[in-house]
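Asker: Take a look at the letters that make up each chain.
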Amino acid sequence: MTSTESSPSSPAGPSQSFLKKYDFLIRRLHSLSGLIPVGAYMCVHLLTNASLSGGPDVFQNAVFAIHSIPFLPVVEWVFIFLPILFHAIVGVWIAMSGHSNTRNYTYTSNKRYSLQRITGYIAFLFIFTHVLHLHGWFHWDWWLGLVEPVGMAQFRPYNAASSLAKAMGSLSIFWPLFYLVGVLACTYHLANGIWTAGITWGVWISPKAQKRASVACAAFGVLIGLAGLSSLAAVIKTDPVAAKEVEDKMYKVRVEGRMIKPDAHKTTDGHSNHE
Amino acid sequence: MIAPGPEVSTSTSSSDRRPSKINVRVLRQDGPGTPPYWERHQVEYEPDMNVISVLQKIAAQAKTSEGKKVNPVAWDCGCLEEVCGSCTMVINGRVRQSCSALVDRLLEDNSAEIELQPMTKFPVVRDLMVDRSRLFHSLKRVQAWVPVDGYYDMGAGPRITRDDQEQNYPLSQCMSCGCCLDACPQFNKVEVQRQAGESDEAFEARKKGAYESEFIGAHAISQAMLFNSHPVAKSLEKERLEVLTAPGGVQACGNAQNCVSVCPKQIPLTTSIARAGRAVTFYAFKKFFDR
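Chains as they are written, first to last, in numbering that gives the first Met the number 0: chain A, 0 to 274; chain B, 0 to 290.
Chain B on its own, in the form it takes in the complex:
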């Protein structure tokens, strides 16, 4: 992906000093609600590996570094080019995409070991796979779309000024990976356990109920701002601001600003949050005094 420049060639020359094996510590979990446990794996070093290729080797070996046979480690991935967000996990204590986590860089920070954990704020499905449905449910709550459903021709859309385009384009790059949520001290894990004999529908409804009173998260606030500045999607502005002032709305933000620091797409999330803060200030005043 990245052409080897002069910096890379220096690291190649130092690769003689690199261990021929890579130690990987994985936080595994056999299923929802079961206790997590650490497991050590060792794989052959190859140049230009990323965490996904390490995980592929670990799964193929299905053997711990002590030689014990184990089930292959499960993980999620999709595009392998940091645009789908599905391979997001906590690598050496920090949330990021495993496809763009290059092993050579990770070994520069800590040559002894690479530590892999599932995302900390979402329920674990198995090993490094998590259920990020809360993230997508938040996007549904703020109606993060342009409401133009229909079979009739609506004509050309309204013009969007250059300034608006420049403000909106960065926000549209969100890939819903959840890094902003995992690093947020105000975004707490909500895990709803399935009850015995509970139907799919009842379980889903209970999950949604639990999600809705908790913090909606930086990604949804930013998408609400994106669609509130779209000339057509603006028609749902009030509905979005209503969600942003509901329990778990923008007021739950604690201004730690980790979201913007960890965002792999460098989306100005804290700018969106402050814009949302201003929008709900006016909205709340209007709602209170106009009623």
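Okay, chain A solo, but in the shape it has when bound:
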């Protein structure tokens, strides 16, 4: 319960009045950013990961393709990190503005509302930890020198499957469990978020249309969730030593064929030599 005691002349600080003034725009951008680029990126990401089920070579080819994108760090920041940051921070602000009441009102849609907020918080923690764990957040040498020794920034794009498998197995079953919870939370959040975005933007209006959309979003969630689960299963099954042999061969051929430039930072061996 909130009680407002402010006088009409000063409705709180300037920061709050900014959020209030652009309430509509901010919330609509929050809704949009959840679909594009964050939601769309999540689909591409989980499907790429699921390619590991085809073996380390299939996955490595997919990663080579992603790393051939020019200005990748800029693309990452503008189309992935910043939108996620925006969606996460505004999302926490939105979630904190509501007061869940599922104890007295046990309707399914009310539970979905609460679950959307709970999975949002989980996704927030999961994504920030996950990016630190594998990507490292930043690639400045001094920063990597700090986080790599504590088991963060572990992914090596040119040794994709092997570095991933090693990173995931480094703390017994902690990381696989952490990713299981995180991926499922993100999946629910996206599937249910598409449904609520459809209401927010006025795409599905009647109860019948909303019901149909709900079924479609659930089916979408199951598919995306399966992609996530199969990636996780594939990571657990991957043998880092065998995978590394394959990847090193692929790297050598690509460098010799002038398909990529040698980049020690993106390989396991080159990276460790560098330190």
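Careful, some of the hints might be misleading.
[What the hints assert, rightly or not] Once the Cα atoms are required to be at most 20 Å apart in a straight line, the calculated EDC-like pairs of lysine to aspartate or glutamate come out as:
1) B:Lys-286 - A:Glu-244
2) A:Lys-20 - B:Glu-211
3) B:Lys-188 - A:Asp-22
4) A:Lys-19 - B:Glu-238
5) B:Lys-139 - B:Glu-65
6) B:Lys-237 - A:Asp-22
7) A:Lys-19 - B:Glu-190
8) B:Lys-285 - A:Asp-22
9) B:Lys-56 - B:Asp-103
10) A:Lys-207 - B:Glu-211
11) A:Lys-20 - B:Glu-241
12) A:Lys-20 - B:Glu-238
13) B:Lys-207 - B:Glu-165
14) B:Lys-207 - A:Asp-22
15) A:Lys-19 - B:Glu-241
16) A:Lys-207 - B:Asp-162
17) A:Lys-19 - B:Asp-199
18) A:Lys-207 - B:Glu-165
19) B:Lys-237 - B:Glu-203
The hints are simulated quantities; they were obtained by calculation from the structure and are not laboratory data.
Based on the hints, put chain B in the right spot on chain A.
Answerer: For chain B alone, coordinates are given in the frame of chain A:
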């Protein structure tokens, strides 16, 4: 009100097992801003009671179940047939009208006790009476009326198609009870305390200011849609959409959809909210690109 059918007669036969007394727990509050407290009351059971008749007995006794003499419990009521909305309160944790809350049904759910609380999202005036002025202020903000004021003859009104009538009639049944607001997780309580020496006008203005930045609520969104699809009231369409995109507008909806579930008139509130969402999508695009 309801003719006793076969179901009712079975419940009458089981009424022998019913306690002769009804325990009622009331959340009382002596005035605005004072701390609330629970109080237990016990009244004689009679068949076919509603919560209002229980409250009448409680007020007449003015005595707690421990026998302590207390001030009569205060509550609001009007029509006693679920069309005025004034007797709305939280009964056994759920918001509804007390006139249509039948005691026999409540005892089926929980025979031990009936729990009465004032609405949770509005400032308490006293006991079960709340100040619902924010609800009515929201309706004023969206100009939920047909602007035909004047003394001259305007002739016959425009024809309204059958489809529009069927869409609008359910929305016109809103009785402004506030159930949709009380059950909404996005609609937060706003209580403005009167300052010492503050004039009525200054207090009212401060209250309005506090209400206007907060969520307008499902009832007002639905009424905005009702009047935006009326051929005459449509003239204020832009003004209404402007309010629905202002701070606390339709964007504050979190799609929990409790409003439609608790609405005693089964008004398709979530349909109205989605219609409003579509209307403001187009309105905002137009406003942004046409300026």
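Asker: Taking the earlier hints as the rules, which of them does this structure contradict?
Answerer: 1, 5, 10, 13, 17, 19
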